[in-house]
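Residue numbers (UniProt numbering), protein chains in the order written: chain A, 1 to 275; chain B, 1 to 452; chain C, 1 to 294.
Worth double-checking, as some hints may not be accurate.
Here are the simulated lysine-lysine pairs, PhoX-like style, with alpha carbons at most 20 Å apart [unchecked claim]: (1) Lys238/C / Lys77/C; (2) Lys39/A / Lys140/C; (3) Lys170/B / Lys187/B; (4) Lys348/B / Lys358/B; (5) Lys263/A / Lys77/C; (6) Lys39/A / Lys358/B; (7) Lys140/C / Lys273/B; (8) Lys452/B / Lys64/C; (9) Lys289/B / Lys288/C; (10) Lys162/A / Lys140/C.
Not everything, but these chain A residues come out facing chain B in the computed CB check (under 10 Å) [unchecked claim]: (11) Thr13; (12) Leu30; (13) Glu37; (14) Ser43; (15) Leu46; (16) Ser47; (17) Leu67; (18) Met122; (19) Gly133; (20) Lys138; (21) Ser214; (22) Leu227.
These are calculated hints, taken from the structure and not from any lab test. For clarity, every value in this text was computed on a predicted model and none was experimentally measured. Note that the Cβ used here is the ideal one computed from N, Cα and C, for glycine as well.
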Amino acid sequence: MVGSKSPIPWLKTVLLTAGLILFIVPFVVLILNSFKENKAITSNPLSLPERLDFTNYKNAFEQMNYLTAFSNTLVITLVSVLLISMFAAMTAHYFVRNNTKFNQYTFMIMVASMIIPFQAIMIPLVKIYGSLGMLDNKWSLIYMYLGFGSSLAVFIYHGFVKSIPAELEEAAMIDGCTRTQTFFRIVFPVLTPTTATIAILNVLWIWNDYLLPSLILVDPEQRTLPLSTYSFQGTYTSDYGPLMAALVLTILPIIVVYLFAQKYIIQGVMQGSIK
Amino acid sequence: MKRIIKGFQLSMLALIFVMAVTACGGNASNSGSSASNTAEKANSSGNESAVGDEVKITLLNSKGEIQTQLEDAAKAFHEDNPAITLEIQTVPGGSSPFERASTMYASGNPPTMIMLDTGDVEKFKDRILDLSGEKWNADAVANATDLTSFDGKNFAFPLAIEGYGFIYNKAVVDKAVGGSFDPSTIKTTADLENLFKQIEASGKKALVISPMDWSLGAHYLPLAYAGQNKDMAEVNKFMDSLKAGTADLANNKVFNGLMDTFDLMMKYNMDQKSPLSGVYERGPEVLGKGEVGIWFMGNWAWPQISSFDTANGQYGFLPVPISSNPDDYGNQEISSAVSKRIVLDKEKSTPEQQEAAKKFLNWIVYEQKGQDFLVNKASIIPAFKNITLPAADPLGQSIQAYIANGKSEQSMSTLPADHWSKVGASMQKYLAKAGDRATLAAEIEDYWKNVK
Amino acid sequence: MIAEKGVWNKLRSRLLFTGPTLFAFITVMIVPFLYGIYLTFTNWDGISTSHSLVGLSNYGEVFKDGVFWKSFGLTLKYVFLSVVLINAIAFALAYMLSRGMKGQSIFRAGFFVPNLVGGIVLGFIWQFIFSNVLVFFGTKAGIPFLSASWLADPDTAFWSLVIVTVWQYAGYMMVIFVAGLMSVPGDILEAASIDGANGWTKMRKMILPLMIPSFIVTIFLSLQRCFMVYDLNLTLTKGGPFKSTEMVSMHVYEKAFLSRDYGVGQAEAFVLFLLVAAITLLQVYFSKRMEVEA
Chain A
1 MVGSKSPIPW
11 LKTVLLTAGL
21 ILFIVPFVVL
31 ILNSFKENKA
41 ITSNPLSLPE
51 RLDFTNYKNA
61 FEQMNYLTAF
71 SNTLVITLVS
81 VLLISMFAAM
91 TAHYFVRNNT
101 KFNQYTFMIM
111 VASMIIPFQA
121 IMIPLVKIYG
131 SLGMLDNKWS
141 LIYMYLGFGS
151 SLAVFIYHGF
161 VKSIPAELEE
171 AAMIDGCTRT
181 QTFFRIVFPV
191 LTPTTATIAI
201 LNVLWIWNDY
211 LLPSLILVDP
221 EQRTLPLSTY
231 SFQGTYTSDY
241 GPLMAALVLT
251 ILPIIVVYLF
261 AQKYIIQGVM
271 QGSIK
Chain B
1 MKRIIKGFQL
11 SMLALIFVMA
21 VTACGGNASN
31 SGSSASNTAE
41 KANSSGNESA
51 VGDEVKITLL
61 NSKGEIQTQL
71 EDAAKAFHED
81 NPAITLEIQT
91 VPGGSSPFER
101 ASTMYASGNP
111 PTMIMLDTGD
121 VEKFKDRILD
131 LSGEKWNADA
141 VANATDLTSF
151 DGKNFAFPLA
161 IEGYGFIYNK
171 AVVDKAVGGS
181 FDPSTIKTTA
191 DLENLFKQIE
201 ASGKKALVIS
211 PMDWSLGAHY
221 LPLAYAGQNK
231 DMAEVNKFMD
241 SLKAGTADLA
251 NNKVFNGLMD
261 TFDLMMKYNM
271 DQKSPLSGVY
281 ERGPEVLGKG
291 EVGIWFMGNW
301 AWPQISSFDT
311 ANGQYGFLPV
321 PISSNPDDYG
331 NQEISSAVSK
341 RIVLDKEKST
351 PEQQEAAKKF
361 LNWIVYEQKG
371 QDFLVNKASI
381 IPAFKNITLP
391 AADPLGQSIQ
401 AYIANGKSEQ
411 SMSTLPADHW
421 SKVGASMQKY
431 LAKAGDRATL
441 AAEIEDYWKN
451 VK
Chain C
1 MIAEKGVWNK
11 LRSRLLFTGP
21 TLFAFITVMI
31 VPFLYGIYLT
41 FTNWDGISTS
51 HSLVGLSNYG
61 EVFKDGVFWK
71 SFGLTLKYVF
81 LSVVLINAIA
91 FALAYMLSRG
101 MKGQSIFRAG
111 FFVPNLVGGI
121 VLGFIWQFIF
131 SNVLVFFGTK
141 AGIPFLSASW
151 LADPDTAFWS
161 LVIVTVWQYA
171 GYMMVIFVAG
181 LMSVPGDILE
191 AASIDGANGW
201 TKMRKMILPL
211 MIPSFIVTIF
221 LSLQRCFMVY
231 DLNLTLTKGG
241 PFKSTEMVSM
251 HVYEKAFLSR
261 DYGVGQAEAF
271 VLFLLVAAIT
281 LLQVYFSKRM
291 EVEA
């Protein structure tokens, strides 16, 4: 172990542990307070709950219409991520293998679009799609995620496709495979780690997204988890207890998945950064 | 494998084709007038009407604290009118009712009814129904529909009266004055300081100032506008002079009187060490627990106060005094006004939906269940004379009593939409002593000169 | 290069491979963006049923709007501090956590956790921590600088924003650095760790140059995210106290939706886009040049 040779290993461990505690503490505070009444929360935010009281959770669960919101979020996230990964991989592949001026410019525009502030397209977006009668519908939302998410995905895939030797594909095509067959039989499987990265990044984004769904989805039956959390905020005040429980319920699925798959998720993000 | 890919390829092309077609189809219906949109809407609601003549209407609620009560009311209304289903939508936290409603209009998907702040109604007047013909107009309290009437037509339903001032905890002030406290004894700034001193002498803190920009900018400072004159026309003249840049705030008697009172509040403020730290939740807690005697806020704070109540539900309002003459306007009057309005969309709603929405408004005013929802469940002070149920909580009762005795001052409810935010920030600066009164006056004058 | 024979085949595979992405991209991003630019030449207020062209007057307003430029300056300061701190802390963490230390994967996983939740949730949790938890703790423990809410003072409120931003992104950038460090040969890393003063030289001369590609990515990502900060700003400080922490995105948003000055707000959003685009492009250009030289 290299680390143990370090002159002051204990100092490093102490530093890291302290840092880690700072990183985790906000979540602990959130969970602690989600078991308490409003009154107990404001008078002593650090006290332990008197007992494991699930009233807030029960209220939050009912008021959020949790199961509906959960399944909406799940469908929207999964379908969007699936579409983004597959289509972006195809586009990136096409751009790399047909490196024409036109494709280069298109690629550049996609990359540049990543710095467009969302506020700048928000109202026009709603205005256009509203007049097409395409709002208040989760399929429209999914379509928009494909539009917003494809730039980054194409950008990341682009770097990886470049590293796949073209000879592999050429050989397959000589054997009589069409371009599509080559892509799905040879390229896409090789790209699996990158696909995992893209999937993870997009799941984190779409699951937690607030602004876009708040503009597109109006009908309460369509609401996603982050949207339903906001029924706990009044004009002047927030109902802290149920709100905290609602927040916990919103991030819980992600945390659970993370606990089981953290290794792959970290690896996924790591993969995404090396080109 | 080959076949699968072929199939995939085909479905892909089909998908693209469908996308293109749906886009075009949508376009076609859009390029027509709004009539074709209405027809479209009628068709979609027509699908539901296969079972009897059911109508589905929606209400965009911008009073988040009564969401649950409204949903219950919608259920009760549905029981009384099985053909009408009412769905309550919310304005998400962090966005204003105007912003939400305008994006919904932009999206071509407005709700049947929208709950707006008074000042926003005019912006929507091309898109909402003239409600002048409704029966409840005759039963509304005085001035309730003035601000939403344009060219002699009233466009909005007055939902709630809200009032604000100094809320006192009777248990604390009783102890401080040694006997039963009579709010009518506080008529001047000096009376108020005396009360503060008495409370401090009894071992409690006098008051807490909640430093939120909306409280300072939308409620406290506008007292300086509304208190200019008992006659609303004079107040409007004063507002016009502010906009024209000719008003001299720094030498304005009412403004200075109000700010003198504010100086006094700052002097006795429990949080004066860090005056901007406080969050809203702190106010009801320290007042309810009896740590302070007084808090500047409105009757909507009751649910939070009651959860800390130690005074047996004994609370009431004091006006904010602005001078040393008890007879000056504003010294004995409580500021109150209709603060939320419901408007009916006429662009995308079918005649059936409009009728159903009107029915709902009448249900609130004239049906026993509707009144019960309004007064007892939602703790709202109604704006209708025919509703005789007493307010459900002590703060509402206190406001009602002031109004009944003619001791009320019309709150400024048509200030520009960013007034609370901009002027609230200037007030915070003053409260934190990061700017003096001259700075404050200059910033407010500046705001009015540049406002659109 | 792989190419099909025949125009139809070429077109078909172009449509199949790039069609869905580009169609969605253009209709969802580019068209609304262009339409938004068109709206900046009108006097539309966000709700009225009609509007008319007003030429460049909205852009004139942008240059006259002192608050916009002030909040842009503040945003620059915020972005600079956040980007520096995020990268420094993330690199330090990655460096400590990439040499086979016991439990390092647990640490890595832990530091990544803030990325699992969205900006609005984060802002809410931290707002609660700064104005309730820390104040409570500071008052009870008698720590003066904690007993008043940090969000109540312009300077500490600004730092609260920086702290939360660093907290949010450091873990993510750390992971990218860990990936980069894996490409640094083990003996260089080891040499840098054992002999003190010499280690720093090795770090500077050997490790950091190898890490330039990672820095390009992390700086680009952190620049872009910090410039666009909105959710956090809204839920943590709401721009307060007295507008002292209002970042440029929030100003644009308020201009359009609160002050009902939609055309000017949209024009400011477009000006902001141009400025941010210029800054990020400069960053990528200069760091690519560094990469070539190194």
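Checklist entry - Can the hint on Glu37/A be confirmed by a CB-to-CB distance to chain B that is less than 10 Å? => result Cβ of Glu37/A sits 8 Å from chain B, so the hint holds.
Next on the checklist: Hint validation: Leu67/A versus chain B, beta carbon distance must be below 10 Å. Holds or violated?
Outcome noted: violated (18 Å)
Next on the checklist: Would the hint linking Lys39/A and Lys358/B be met if the CA-CA limit is 20 Å?
Outcome noted: Roughly 40 Å between the alpha carbons, so the hint for Lys39/A and Lys358/B is violated.
Checklist entry - Does Lys64/C lie within 20 Å of Lys452/B when you go C-alpha to C-alpha? => result It holds: about 15 Å lies between the C-alpha atoms, which stays within 20 Å.
Item to check | Hint validity - Ser43/A Cβ closer than 10 Å to any chain B Cβ | outcome: Constraint on Ser43/A satisfied, holds at 7 Å.
Item to check | Pairwise hint evaluation, Lys77/C against Lys263/A, where the allowed Cα distance is 20 Å at most | outcome: Roughly 36 Å between the alpha carbons, so the hint for Lys263/A and Lys77/C is violated.
Item to check | Pairwise hint evaluation, Lys358/B against Lys348/B, where the allowed Cα distance is 20 Å at most | outcome: Between Lys348/B and Lys358/B the Cα gap is close to 15 Å, so the pair holds against 20 Å.
Item to check | Per-residue hint verdict: Leu30/A, partner chain B, C-beta under 10 Å | outcome: violated (17 Å)
Checklist entry - Was the hint right that Leu46/A lines chain B, CB cutoff 10 Å? => result Hint on Leu46/A: violated, closest Cβ of chain B at ~16 Å, above 10 Å.
Next on the checklist: Let's test the interface hint: is any C-beta of chain B closer than 10 Å to that of Thr13/A?
Outcome noted: This hint is violated: Thr13/A lies away from chain B, its Cβ roughly 36 Å from the closest one there, beyond 10 Å.
Checklist entry - Going straight from one Cα to the other, do Lys238/C and Lys77/C come out at no more than 20 Å? => result holds (18 Å)
Checklist entry - Would the stated hint for Lys138/A survive a check requiring a Cβ distance to chain B of less than 10 Å? => result violated (14 Å)
The structure is inconsistent with the numbered hints 5, 6, 9, 10, 11, 12, 15, 16, 17, 20, although it conforms to all the rest.
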